[in-house]
Amino acid sequence: MGNTETKIEFDSDWTYDPAPQATDFIKLQERYGLYINGKFKPSDNGRCFDTINPATEEKLAEVSEASEKDVDRAVRAAKEAYENVWSKVSPKERGKYVYRIARLIQECAREFAVIETMDGGKPIRESRDIDIPLAAAHFFYYAGWADKLDYAFPGRKTKPLGVAGQIIPWNFPLLMAAWKIAPAIAAGNTVVLKPAETTPLTALKLAEVIQEADLPPGVVNIITGAGETGAHLVNHPEVNKIAFTGSTEVGKIIQKSLAGTGKNYTLELGGKAANIIFEDAAIDQAVEGIINGIFFNQGHVCCAGSRLFVQESIADELLRKLQDRMATLIVGDPLDKNSDIGAINSKAQLEKIKHYEKIGVKEGGSIYQPECTLPEKGFWYPPTLFTDVSQSHRVVQEEIFGPVLAIQTFRTVDEAIQKANNTPYGLSGGVWTEKGSKFFKVTKAIRAGVIWANTFNKFDPTSPFGGYKESGMGREGGISGLSAYVELV
Amino acid sequence: MSNRLDVRKTYKLYIDGKFPRTESGRYYKWSGDKDGEVVNICLGSRKDFRDAVVAARKAFDPWQNRTAYNRGQILYRIGEMLEGRRDQFLAELTLQGAAKREATREVNGAIDRLIYYAGWADKYQQLFSSVNPVAQPYFNYSITEATGVVSIVAPEESSLLGLVTAIAPVIIGGNSCVVLASHSKPLCSISFAEVLQTSDVPSGVVNILTGQRAELLEQFASHMDVNAISYFGDDAGEIKIVEENASLNVKRASILPEKDLQKNGAQGPYHILKTQEIKTTWHPMGI
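Residue numbers (our numbering), protein chains in the order written: chain B, 576 to 1064; chain L, 321 to 607.
Result set (DSS-like, lysine-lysine): computed pairs, CA atoms no more than 27 Å apart in a straight line:
#1 654/B <-> 723/B
#2 1019/B <-> 378/L
#3 723/B <-> 443/L
#4 838/B <-> 644/B
#5 734/B <-> 579/L
#6 329/L <-> 367/L
#7 443/L <-> 732/B
#8 654/B <-> 560/L
#9 594/L <-> 1019/B
#10 1016/B <-> 443/L
#11 349/L <-> 338/L
#12 734/B <-> 443/L
#13 367/L <-> 831/B
#14 367/L <-> 349/L
#15 667/B <-> 723/B
#16 443/L <-> 1019/B
#17 644/B <-> 616/B
#18 838/B <-> 594/L
#19 602/B <-> 616/B
#20 1013/B <-> 378/L
#21 1013/B <-> 443/L
#22 838/B <-> 583/L
#23 671/B <-> 654/B
#24 734/B <-> 560/L
#25 831/B <-> 734/B
#26 838/B <-> 654/B
#27 1016/B <-> 378/L
#28 838/B <-> 579/L
What the hints contain is simulated information worked out from the structure, not anything from laboratory work.
Turn these sequences into a full structure, and let the hints guide you.
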């Protein structure tokens, strides 16, 4: 029946005029220091690295590279602040500081959004409407917990853990900083946070905001650097807790290096989520959900719906509608408010995605990419589908972290569940059906920490997020997120 | 009757609801005292462990899908069976070196702990689940779910209460498990398997091996189809082996104290939570 529908014509006058976001009000420093003990200071050895705009390859600023000595300075500052200041601030006042940070983020929201998009390549629509408001909401949510911790865990009181070392990825730079810092300091810990080397600017802007909020020096320290800096932080003996968001590969290395140290840790790692479309789903809504599931943030999402499972009876119709919808996606300047898909975060990531494209084709997959003109400068990759793939294909099994969707079909509910769970990952999953009992059966059977039914990629500070199996351990958000930063006594 | 020859018991492993000997054919001699009866205890192998994990994986899904009420009744039933066989356990504990008073305390503690956890079967979920007030038009809820297959390195000294303390919170939460029992005090663990077998615990939900920690520890921690490990003890070297190998598949590793098992701190809903995941589900509200 679907075949009788007509396709919308987009080749006439359906082009959008550019809607560029202004950037003239953004003031970046030429060179950023490390934010330690309430002050920005250059790194010990003076070493710096550039952070660039992946959409233009232009340099935005220079950022200090924290050495082992700098990490030690930051951890000592955090420890002193924990022992002498933060643990003596009353929970009520602690909460008020965190509220202040939330408010200041809201006030500078547009600035944050533009910097986020310039530094990371994500569409301004997403940084403006999702990343930044959610970051503020996280601080606002956990601020309120600061003086209510006695109610959070039935029968138990809580004690902060001490100094938390936090390492975050480049896909949601400010939001991940908020997920990490807000619950930690609200619960009475102090932190040393290391943002990703390709996206340090909003974290450094957050340091400015924290300074403006008059948070006591040393409670939050933000140090920039690459993997080596992160390793120093993980291995520092005075760090009491490690919180890491990133790849499963690095997460395993961190878990191993923490063995026998008695340090607490939580890990939020990779994923390869199944997005399952049943024949009784609302198809047009499902198509939107598939698009959002895999192309949101260029697919640089650990919980992306990167494995699509479609019930055989609707597969042809759904695939056609999906391809039609993909043809309308605007890939280009992330600062343009019309852009749906921005720039790939870095050259290295673009190469990784292209590598998987080659593997997918070589292993016999059929590739579909809509026609789109990609800008000449910068790192770009079009939205991509793989069909004719099966469970054993690498593009089905491995996390690509890009706008690449692998499609398979199924006949029965049990087959869908079995295929969905055939992965070492277990971060998220999607289910599309209009039948209530099927919704409950399938959402229960998927072994993953976050399930979106008839929606995808939704986040909220009250809503715990985190993985089963090799997708990590511990949760962020809600009361579960709080338990990652307290000891129960 | 005085001439009657007593029938001795063969102590074997407990895998998939059966009592096999170790596939390796190895055993160690165990005796309560110098002049006492010598018992051959299976020296469980890595292959035995792998077989047990296969059984536990098979048993996991049906077990987690039992109703909480049913799991609670089964745990209660284990308590009933243990109560009925207390004399046997007292005798074994005494043979393993416990004074009579100590043995009685151990058996009472084990039975009471089973009843305690039976009661949690349908309650911890309500403590740790939530409906989350998200700032968008969605119904959003978080529930607890069993982590999966758990390997357990049980306490060495407390061979019955320790075993129950290790197993009960894991299985009441819907997990299945493979347990390495005490090496120096192995009798109770095998007898406890007989209690499990007569308590409607489905085959494979609990598997118990006897053997050497040094030989099996790494395997217990590294197996890729085990989701979590509970280790009882305080040996720094062993803890490092457990935690390092756990990282191979991001296994949840809990390091738990061997001591003070009689105290209330050795039990509770937060012990159940150690082998639970939180699953959050979103659904739009509206049309």
